[in-house]
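Novice: The lines below spell out each chain.
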Amino acid sequence: MTLLPYLVAGWLLLIGCFGVVRSRDLIHTVVCVAVAQSGTYVLLLSLGFQYGASAPVQGAPGPVVDPVVQALTLTDIVVSATVTALLLALVIQIAKRQGTVDPDELDELRG
Amino acid sequence: MIVDPSWLPPLGIAIPLAGACVLLALAKFVPRLVVDTVAMVTAVAGVVAMAFLVVATDSGRVVTWVGGWTPKEGTSVGIVLAADQIGAGFALLACGLTACALIYTWRYFDDAEAHVHVLILLFMAGMVGFSLTADLFDLFVFLELMSATAYALTGHKIEEPRSVQGGFTFGVVTSLGAYFSLAGIGILYARTGQLGMPQIGAALDRHGMDVLVLAALVLVLTGLLVKAAVVPFHFWLADAHAVAPTPVCVLFSGVMAPLGLYGVLRVSTTVFGGVLSVASLHGTLVVLGVVTAVLGALLCLMQRHLKRMLAYSTIAHLGLFLVGLATLTASGVAGAVVYVFGHAGVKGALFLMVGVLLARKRSVDEFDLYCEGRDERLTKWLLPLGALALAGLPPFGTGLGKALSEESTGSVALTALFVLVSAATGGAVLRASLRIHFGLGPPPQDTDVDTTKGDDEEQEGRFPDRIPATMIGAIAVLMTGGLLVGAVPAVAETMGAGAQRFLDRAGMLAQTLHGASATAVGGVEAEWTWAGVLLGLLSAALAMGIGFVGVHFGLGRLRAALKAPLHVVHRLHSGHVGDYAAWLVLGMAAVGALFVIT
Chain Z
1 MTLLPYLVAG WLLLIGCFGV VRSRDLIHTV VCVAVAQSGT YVLLLSLGFQ
51 YGASAPVQGA PGPVVDPVVQ ALTLTDIVVS ATVTALLLAL VIQIAKRQGT
101 VDPDELDELR G
Chain C
1 MIVDPSWLPP LGIAIPLAGA CVLLALAKFV PRLVVDTVAM VTAVAGVVAM
51 AFLVVATDSG RVVTWVGGWT PKEGTSVGIV LAADQIGAGF ALLACGLTAC
101 ALIYTWRYFD DAEAHVHVLI LLFMAGMVGF SLTADLFDLF VFLELMSATA
151 YALTGHKIEE PRSVQGGFTF GVVTSLGAYF SLAGIGILYA RTGQLGMPQI
201 GAALDRHGMD VLVLAALVLV LTGLLVKAAV VPFHFWLADA HAVAPTPVCV
251 LFSGVMAPLG LYGVLRVSTT VFGGVLSVAS LHGTLVVLGV VTAVLGALLC
301 LMQRHLKRML AYSTIAHLGL FLVGLATLTA SGVAGAVVYV FGHAGVKGAL
351 FLMVGVLLAR KRSVDEFDLY CEGRDERLTK WLLPLGALAL AGLPPFGTGL
401 GKALSEESTG SVALTALFVL VSAATGGAVL RASLRIHFGL GPPPQDTDVD
451 TTKGDDEEQE GRFPDRIPAT MIGAIAVLMT GGLLVGAVPA VAETMGAGAQ
501 RFLDRAGMLA QTLHGASATA VGGVEAEWTW AGVLLGLLSA ALAMGIGFVG
551 VHFGLGRLRA ALKAPLHVVH RLHSGHVGDY AAWLVLGMAA VGALFVIT
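Top line first, the protein sequences correspond to chains Z and C. Residue numbering for the first sequence follows UniProt numbering, beginning at 1 and increasing consecutively. Residue numbering for the second sequence follows UniProt numbering, beginning at 1 and increasing consecutively.
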């Protein structure tokens, strides 16, 4: 196992956060949150991966990759779908009520 | 009890889920009354099940391997639920507060459809599961269940610009925190090949501490600290509380945020207890707690939006709870848990009273409501009483919890912190109440531009003539609950024994992994002392002082005197989601640094 997938996972998590920090559009913010979450997919899948192993099906010849992390990734994807859908729905409402999706112009809540 | 109690923890999670499904199926065909009744019956069934569980945990930890996947020779592929008095107590608190929120909702939202009830029940399932699980990945799943329903409930008033914005910020910040937690869980799985907390704990004991384990600790704690609204992860809380429907605020403040702290302590003791030095954990948590308490109290004093004021008071109290938990002794943990329970009752009642003001006067702004509440018979006397209870007036549960926490720290400086912070939060609420209900002091000058005003909140419910009995009932139940936590010695005794069991890591590992029977644990001295009573009275007196001086020396002049530093603090709370995400990453680095330094 090389170091590369772990670096990619860390990069995705941090670049997602950076995107949220620098974002000028709430749709972009939501996508950046999803990018950060992709980092966790990459991390989980690479944890269970090994070269030359086959899919974790009963009766598969030779070593198989770890099925637990794949199940975790699936759960994570379900979470992601829910959260992304909910956040996008909220963005639509913000756009309707405020007439803008630029976070710099949303200053109703402060102090 | 003769019946095997091990079916109770799964039941606590199943009841609200089943109730929510039934409601969803029925919602289209039945009138509102049936919806309310089904939701109420579900919540009460949850309360009963969790009350039985608390009784059952008295004779030992209740361990359930879901689906009967019990461990063989200390290893297992199953999922474990483990309830001690504290976990079961939190589950009971979650169910109880949900029931109160539902009673209040009965007449409060006149246009609420069944989906509010469904979301509240799902939220309850998440909280109960979070309190009872001993599996790290399940902890994440329940955290997400809690969070996703919470975002939806926060943004419930979708017609209102602020409401959707608060829900959005809450969603982004909490989600980012949860993903860092998941990354940490992944690293732990890579290190140990386990997902259950006792299994990871046992494996880490053999493995020892290294940089990767420390990184995993910081990552896992990040998501929980965000939920617990510890500075600098706290920004979402005030925004979410300011815009969420009032009954939902009761759940957020009373149990959801404290559950974050419960998760922090559960993970750092059970999972990392064997590799993390007590001094390091203690030092880190005390620093975080003190900063949170001081900043929360300061911002609480500076608010004019009543819900935000109560939200910052919650942040201040969360800091105090954390200082109590950080002692890592049974007396400190018991004190903090009693404090949480008492605070849940008192703060819940205060939120609901603000809800009454909002329903009748269409505003939650301290300046706007000046003299407006003179004719309010209910809140005129109960709101000041709640403010004093918040400051720690004996015999309220907040007073007892504060007294026990103060004694457990054994430090004069920390005791002073407890007295001053609780007095400041109580004083701020009292100041608002004196202005609103008694018209004391000069009319406040509307000069500042830094804080959110509360005069254009959407009115929830319409009751010009009379407050419905259900709303008064919910306020009375919560206030009485807050009182009973302090007045009934059994509560503190149970939590004392629970704290012993909570910190008994070896016993937990033996019982879950090797099926050992529950070991006996002693209780701790958890009762009123003269010093505690006197310090509670001192806090209440200080709060009255702050309240009466505050109405004359109002926000405007206080702010003018401290203009520059306060302006900076206010500017930090910009409501900008990008700023909050930046603070989250910075905070994570700070927590890591604290663990290394201490």
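Just so you know, these hints were derived from the structure itself, not from any lab. Since this is a predicted model, take the numbers as computed values, not measurements. One thing to keep in mind: the hints can contain errors.
[Claimed, not checked] Below, computed lysine-lysine pairings styled on DSS-like, alpha-carbon distance capped at 30 Å:
| no. | chain 1 | residue 1 | chain 2 | residue 2 |
| --- | --- | --- | --- | --- |
| 1 | Z | Lys96 | C | Lys380 |
| 2 | C | Lys361 | Z | Lys96 |
| 3 | C | Lys72 | C | Lys380 |
| 4 | C | Lys28 | C | Lys157 |
| 5 | C | Lys453 | Z | Lys96 |
| 6 | C | Lys380 | C | Lys361 |
| 7 | C | Lys28 | Z | Lys96 |
[Claimed, not checked] Only some residues are given here: those of chain C computed to face chain Z with a beta carbon under 8 Å:
| no. | residue |
| --- | --- |
| 8 | Pro5 |
| 9 | Ser6 |
| 10 | Leu17 |
| 11 | Cys21 |
| 12 | Ala25 |
| 13 | Phe29 |
| 14 | Leu33 |
| 15 | Phe137 |
| 16 | Ile158 |
| 17 | Ser175 |
| 18 | Glu493 |
| 19 | Val568 |
| 20 | His576 |
| 21 | Val577 |
| 22 | Gly578 |
We treat Cβ as the ideally placed atom computed from N, Cα and C, and that holds for glycine.
Novice: The structure should be examined with respect to each hint, and the outcome stated for every one.
Specialist: Structure-based check of each hint:
no.: 1; hint: Lys96/Z / Lys380/C; result: 39 Å, violated
no.: 2; hint: Lys361/C / Lys96/Z; result: 27 Å, holds
no.: 3; hint: Lys72/C / Lys380/C; result: 62 Å, violated
no.: 4; hint: Lys28/C / Lys157/C; result: 21 Å, holds
no.: 5; hint: Lys453/C / Lys96/Z; result: 22 Å, holds
no.: 6; hint: Lys380/C / Lys361/C; result: 14 Å, holds
no.: 7; hint: Lys28/C / Lys96/Z; result: 28 Å, holds
no.: 8; hint: Pro5; result: 29 Å, violated
no.: 9; hint: Ser6; result: 25 Å, violated
no.: 10; hint: Leu17; result: 16 Å, violated
no.: 11; hint: Cys21; result: 17 Å, violated
no.: 12; hint: Ala25; result: 20 Å, violated
no.: 13; hint: Phe29; result: 26 Å, violated
no.: 14; hint: Leu33; result: 29 Å, violated
no.: 15; hint: Phe137; result: 6 Å, holds
no.: 16; hint: Ile158; result: 5 Å, holds
no.: 17; hint: Ser175; result: 5 Å, holds
no.: 18; hint: Glu493; result: 40 Å, violated
no.: 19; hint: Val568; result: 12 Å, violated
no.: 20; hint: His576; result: 5 Å, holds
no.: 21; hint: Val577; result: 5 Å, holds
no.: 22; hint: Gly578; result: 4 Å, holds
Going down the numbered hints, you'll see the structure goes against 1, 3, 8, 9, 10, 11, 12, 13, 14, 18, 19, while the others check out.
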